[in-house]
Each structure stands twice: as C-alpha cells, then as structure tokens.
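> Read top to bottom, the protein sequences are chains U and W.
Per this note's numbering, the very first residue in the first sequence carries number 1; after that it's consecutive.
Per this note's numbering, the very first residue in the second sequence carries number 1; after that it's consecutive.
Just to be clear, a hint being listed does not mean it is correct.
[To be verified] Subject to a maximum C-alpha distance of 25 Å in a straight line, what follows is the list of computed DSS-like cross-link-like pairs (lysine-lysine):
| id | chain 1 | residue 1 | chain 2 | residue 2 |
| --- | --- | --- | --- | --- |
| 1 | U | Lys229 | W | Lys244 |
| 2 | W | Lys244 | U | Lys243 |
| 3 | W | Lys34 | U | Lys168 |
| 4 | U | Lys91 | W | Lys133 |
| 5 | U | Lys229 | W | Lys265 |
| 6 | W | Lys11 | W | Lys48 |
| 7 | W | Lys302 | U | Lys251 |
| 8 | W | Lys275 | W | Lys197 |
| 9 | U | Lys243 | W | Lys265 |
| 10 | W | Lys275 | U | Lys28 |
| 11 | W | Lys11 | W | Lys144 |
| 12 | U | Lys222 | W | Lys265 |
| 13 | W | Lys64 | U | Lys168 |
| 14 | W | Lys22 | W | Lys10 |
| 15 | U | Lys91 | U | Lys31 |
| 16 | W | Lys53 | U | Lys168 |
| 17 | U | Lys91 | U | Lys222 |
| 18 | U | Lys251 | W | Lys242 |
| 19 | W | Lys275 | U | Lys229 |
| 20 | U | Lys229 | U | Lys251 |
| 21 | W | Lys22 | W | Lys71 |
Because the hints were derived from the structure by calculation, they are not lab data.
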Amino acid sequence: MSYIIACYKWVVDEADIRINPDLSIDTKKSKGKISDYDKNAIEAAVQAANILGGKSLGLTFGGPETRLSLKDALSRGPAEGCWISTGEAAKADAAVTAKALAAAIQKISDVSLVFCAEGASDTYARQTAPRIGAILDWPVVTSVSKLDIEGSTLTAVRKLDDCLQTVKVDLPAVVSVLPEINDAPIPGLKAVLAAGKKPVTEIKAEELGIDFSPKTDVTEIKGYLMNRKNIILSEGEAADKVKELAAYLRKEGVL
Amino acid sequence: MAGIYIYSDKKDIVAELINFAKESEKEACVITFKQEDAEAIKDFGAEKIYVLKGSSQVPENYGKAVAELLKKQDADLFAVGATARGRDIAARTAGYLDCGMVSDVSSLSYREGTVISQRMMYGGTVIQSEELKGLCVVTVPAGKFEAAVGGETVEIITIDVEADSRVRLIETAPVLREGTDITAVDTVICVGQGLDKKEDLQLAQGLADVLGAEIGCTRGIAEERKWLPVERYIGISGAVIKPKLYISMGVSGQVQHVVGIRDSKVIVAVDLNEKAPIFRAADYGIVGNMYEIIPLLTEALKNA
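Input sequences plus hints: build the corresponding full structure.
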C-alpha cells in the first residue's frame with residue numbers, strides 16, 4: 001500500500017513572541033504549534049489516501065521539541081507519523097529542510113503523493129514543495145485550491161495571481177495546497193486518544209546522509225515595531241468617542 | 001555570461017529588476033519562455049533577453065532548464081518577481097541548483113558577490129536579515145525598485161530546452177472577482193470575528209457606502225465562516241493592502257492580519273477588547289461595542 005505524505009512543521013506560536021525594548025525577540029514563553037496552513041495539507045493527505053486506497057503519513061523535521069507535534073498531527077487523521085529528528089533544525093534553512101524531507105520520502109520509498117502547505121506560519125517562504133519536487137525530480141503543482149484524483153491522475157485547480165489554471169499530472173507528484181482546499185477538522189477527544197496509539201517512526205537526521213550546512217547566513221533577527229499614533233479612546237460615552245474620532249479623521253484628510 | 005538573471009510573469013517587475021541589476025552594476029539578463037513575452041520587454045534596458053523554448057505552456061515547468069542555463073552562464077544571482085508563478089519557478093530552480101534562496105524580500109542589495117536581504121518572519125513580528133554568497137535565488141515583490149527607464153532594443157536569444165511535460169495544462173480561466181479589487185481602493189472597512197452573524201455585514205456596508213469604501217475581512221470570516229469570498233481577506237496569505245484609510249470592526253489583530261494592513265496610511269480600530277493587539281497597530285481606536293459605535297460613526301461621517 002503506497003503512502004500519501006503530508007509534510008508539516010512544528011513552529012513557535014507567533015502570538016506568544018515578545019519583543020524586548022532593544023528589539024531583540026523573546027520566544028521563551030512561546031508554545032509550539034502545527035503551522036496553521038499545514039492542517040489543511042494534513043487533511044488533504046487524509047482525503048487523498050481514502051480515494052487512492054493508500055496510507056496517510058504525517059512527516060516532520062525538527063529538534064527535540066518536535067516530538068510533541070506527533071500526537072497533535074496524528075489526531076488530525078494520518079495513519080502514521082514520521083519524525084526526522086535533529087539538533088540542527090533551528091539552523092536549517094529551506095534548502096536543508098527540503099533535502100531532509102526529500103531524503104525521508106525516498107527512504108519511505110513507496111510514496112504516491114506528497115502534500116505541503118503553501119508556506120509555514122513562521123517563515124512563510126513557500127519553498128518547500130517546489131524544492132522537494134526538484135530534489136526528487138518529481139512533477140510539482142503549487143497554489144492548489146481544488147483537486148480531484150481519478151486512478152493515478154490528479155487534476156488540480158491552481159489559483160494564480162491573474163487566473164485559475166487547471167492542470168493534470170500523473171502520480172507521483174508533489175502538491176502544495178492553499179488553506180481554502182478543505183476544512184481541516186478540529187480533532188475530537190476520540191481522535192486525540194487514538195493518535196497516541198498510531199505508529200511513529202523516528203529517523204535520525206544523520207542517517208540520511210545530508211549536508212546540513214545552511215546556504216543562507218542569518219545576520220540579524222529583530223522585532224518589528226509598528227510606528228503608529230496609538231490614540232485609543234476607551235473612556236466616556238460612545239457618541240463622544242465617535243465625535244472625537246471623526247474629528248481626527250477629518251484632520252488626517254483621509255475621508 | 002555572469003550577471004543578474006531575471007524572471008517575472010509581470011512586466012512591471014521585470015523593469016524593476018532590470019533597474020536593480022543596473023544599481024548593482026551587473027548585466028541584466030532576462031529569461032522568458034515565449035517569443036512574444038521577450039518582444040514585449042526588448043527595449044526595457046536589459047543587456048540580454050533569453051527565450052527558453054520548450055513544449056510546455058507552464059513557465060514553472062522550466063525550473064530545471066533555468067537551473068542549467070544559470071549554471072552554464074555562471075550567473076551571479078537569479079532574481080524573480082514574487083508572484084505565485086515566480087515563487088514556484090524560483091524555488092524549483094533553487095532546488096535543482098541546491099542553492100540558497102530568500103523569499104519575498106522586503107529589502108535587497110547585491111555587493112561584491114554577496115546578496116544582502118531582509119524579510120519578514122512570524123507573520124510580520126520579526127525582521128530577519130540574511131546574507132548569501134555565490135549563485136542564489138531571491139523573490140522580490142512588486143514596487144521594491146524604481147522601474148528601469150528603458151534602453152536600446154536588444155537581440156533576443158532563443159535556446160531550445162526540455163520542459164517538464166508531466167504537468168499538463170488543461171484550461172485557464174480568469175479569476176472571477178466579486179466587486180472591486182480591495183488592493184486598489186482608498187478606503188477599506190474590515191470585518192473580523194467579532195461580528196455575530198452574516199446579516200451584520202450590513203453594518204459594515206452602511207459605513208462603506210458613506211465612505212465609498214470596499215469591505216475586506218480577516219481570514220476566519222472568509223475561510224472558516226465563508227461569509228465573504230477569499231479574495232476579500234486581508235493578511236499574509238491573502239490580500240496585502242495599503243489604502244489611505246483602514247477601519248476595522250471586531251478584528252482582534254493577529255500578526256498575520258496586521259502584516260496585510262501595515263502600509264495603510266491611517267489605521268482605525270473598533271473593538272470591544274481593550275487588550276486586542278489591533279489597538280497597538282492602530283493610529284486611532286475606539287474601545288466599545290461595534291454594534292453601537294459603527295452606526296454612530298456612519299451617521300457622523302455622512303456629511304464629511
């Protein structure tokens with residue numbers, strides 16, 4: 001039975017990031033989460049596995065903290081999980097990440113379809129699917145808003161800046177999906193309990209024989225401060241606040 | 001020939017990237033996949049224009065061919081317009097070259113063989129600076145550089161290449177947009193999940209009518225509740241807008257949304273929750289019940 005893989009990323013929840021006065025960033029209080037858009041990629045893989053009669057598998061790459069992600073990912077439907085574990089993931093750039101995922105896909109070997117989200121909620125670089133396709137030399141279909149599978153042919157509607165494009169591709173292929181592709185369900189208690197019993201494989205990154213040196217050199221990471229007036233009217237009667245706001249807007253000349 | 005190689009499916013970005021190459025004191029070499037696309041830009045000021053001719057009508061299917069050309073020509077950098085097609089072909093090329101790539105740069109320069117770039121992370125909370133050496137790839141959104149003023153007509157070089165024919169184009173249809181493009185208007189009223197029910201969009205419409213505004217929304221309103229078409233949602237994965245006036249109602253202001261509005265001239269927020277992050281991103285805010293505030297505001301601005 002062939003595998004239908006959803007690649008997902010365990011990321012820092014950006015809502016918990018604190019920006020210090022010197023613009024350095026503090027992620028100590030940040031919890032991890034499955035990258036928002038990856039939930040739709042996971043659901044797409046689960047649905048495709050049902051159609052193809054294959055087995056859905058959630059595949060991730062990351063450091064020790066990523067272990068926590070597996071139960072969450074599996075509660076969303078995949079039959080199996082696979083974690084490429086490394087101490088180096090924090091330093092990994094898109095080139096390294098794609099090589100690790102592609103190497104694992106080759107190791108899993110009987111794979112008919114790989115799903116990714118368009119981008120991750122931390123980096124939103126939108127490189128992973130095309131890069132995996134290039135490394136495996138598989139066909140790639142990105143920006144997919146709708147898909148149908150018949151036999152071993154996938155028909156996808158791609159949403160581009162100026163048009164909708166329908167393409168056909170024979171599997172295996174790498175597909176990146178837009179969040180609108182499906183409604184990713186919120187796992188119920190039963191699904192969460194079942195997730196703990198699903199098989200998980202850990203692959204040590206070193207076993208994959210990849211060059212882990214990133215191609216990009218990060219020279220600075222700093223917080224972005226919105227430079228806004230922050231005139232917030234919180235006291236008093238609604239009518240007075242509205243009057244005051246209207247006066248400000250007239251003065252700004254934006255009406 | 002060394003130089004900065006350029007691709008975009010948007011002519012405007014091609015002109016801007018030609019200028020970037022000139023500012024970097026490098027030759028601008030533009031890659032196209034159709035004779036007519038090459039003809040359309042032949043006097044934009046590039047030093048070279050290539051047509052990679054193959055059997056596919058989908059530019060993204062030429063990633064491998066582009067990678068081979070860049071390697072053969074000893075290219076310095078591949079600069080690509082950050083559109084859906086552009087990002088795809090850029091990342092595929094980077095994958096075939098096994099080289100570094102920076103996506104959607106917010107700033108970019110090239111000096112003595114080093115690309116210096118900045119981009120946003122975590123939905124816009126963080127700016128990351130990166131440096132890359134050797135042949136690498138960047139994607140560049142529209143408007144980062146002035147357009148090149150043009151130049152002499154250059155010769156178009158056609159190279160026969162092999163495209164990836166496995167992804168077959170069946171049909172192309174224009175995107176059906178409901179109403180006006182919200183990235184192109186002066187005033188946007190944005191509704192968020194503070195709105196109780198779909199019928200209450202009428203509230204936003206009332207204010208929009210008075211201001212000649214269009215209605216936008218957060219991702220949740222479009223994708224979870226499906227109250228408005230996805231073209232209307234604003235944020236990192238949706239529309240990025242820069243109107244003169246943005247007014248939000250019932251929007252909490254998650255970073256992914258705020259990144260889509262932060263180039264607006266004036267940002268106004270109305271929300272019940274004093275601690276909502278939208279107020280930190282706003283010039284003016286009213287803490288209050290929008291069901292009370294918005295009708296009053298609509299009335300107050302009627303004669304503005």
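> For each hint, tell me whether it holds in the structure or not.
Each hint, compared with the structure:
1. Restraint check: the Cα-Cα separation between Lys229 (chain U) and Lys244 (chain W) comes to about 15 Å, which is no more than 25 Å; the hinted pair holds.
2. As the CA atoms of Lys244 (chain W) and Lys243 (chain U) are separated by approximately 20 Å, the hinted pair is consistent with the 25 Å bound.
3. For the proposed pair Lys34 (chain W) and Lys168 (chain U), the alpha carbon gap of about 22 Å is at most 25 Å, so the pair holds.
4. A threshold of 25 Å between alpha carbons decides the hint, and for Lys91 (chain U) with Lys133 (chain W) the separation of about 17 Å falls inside it, so the pair holds.
5. Under the criterion of a C-alpha separation no larger than 25 Å, the hint pairing Lys229 (chain U) with Lys265 (chain W) is consistent with the structure, at around 11 Å.
6. A hinted pair counts as satisfied when its Cα atoms are at most 25 Å apart, and Lys11 (chain W) with Lys48 (chain W) qualifies at roughly 15 Å.
7. Between Lys302 (chain W) and Lys251 (chain U) the alpha-carbon distance is near 16 Å, which keeps this suggested pair within the 25 Å criterion.
8. The hinted pair formed by Lys275 (chain W) and Lys197 (chain W) meets the criterion: a straight-line CA distance of about 23 Å does not exceed 25 Å.
9. As the CA atoms of Lys243 (chain U) and Lys265 (chain W) are separated by approximately 21 Å, the hinted pair is consistent with the 25 Å bound.
10. Distance check on the hinted pair: Lys275 (chain W) and Lys28 (chain U) sit about 21 Å apart at the alpha-carbon level, within 25 Å; holds.
11. The suggested pairing of Lys11 (chain W) with Lys144 (chain W) holds, with an alpha-carbon distance near 14 Å, which does not exceed 25 Å.
12. Simply put, Lys222 (chain U) and Lys265 (chain W) have alpha-carbon atoms about 24 Å apart, close enough for the 25 Å limit, and the pair holds.
13. As the CA atoms of Lys64 (chain W) and Lys168 (chain U) are separated by approximately 19 Å, the hinted pair is consistent with the 25 Å bound.
14. Simply put, Lys22 (chain W) and Lys10 (chain W) have alpha-carbon atoms about 19 Å apart, close enough for the 25 Å limit, and the pair holds.
15. At roughly 19 Å between alpha-carbon atoms, Lys91 (chain U) and Lys31 (chain U) fall within 25 Å of each other, so this suggested pair holds.
16. Only pairs whose Cα atoms come within 25 Å are accepted, and Lys53 (chain W) paired with Lys168 (chain U) is accepted, the gap being roughly 21 Å.
17. Our distance criterion of 25 Å between C-alpha atoms is met by Lys91 (chain U) and Lys222 (chain U), whose separation comes to about 16 Å.
18. Simply put, Lys251 (chain U) and Lys242 (chain W) have alpha-carbon atoms about 19 Å apart, close enough for the 25 Å limit, and the pair holds.
19. Between Lys275 (chain W) and Lys229 (chain U), the direct Cα distance comes to roughly 16 Å. Compliance with the 25 Å bound is thereby established for this hinted pair.
20. Taking the CA atoms of Lys229 (chain U) and Lys251 (chain U), the gap is near 14 Å; set against the 25 Å cutoff, the hint holds.
21. Under the criterion of a C-alpha separation no larger than 25 Å, the hint pairing Lys22 (chain W) with Lys71 (chain W) is consistent with the structure, at around 21 Å.
Hint check: no violations occur; every hint is consistent with the structure.
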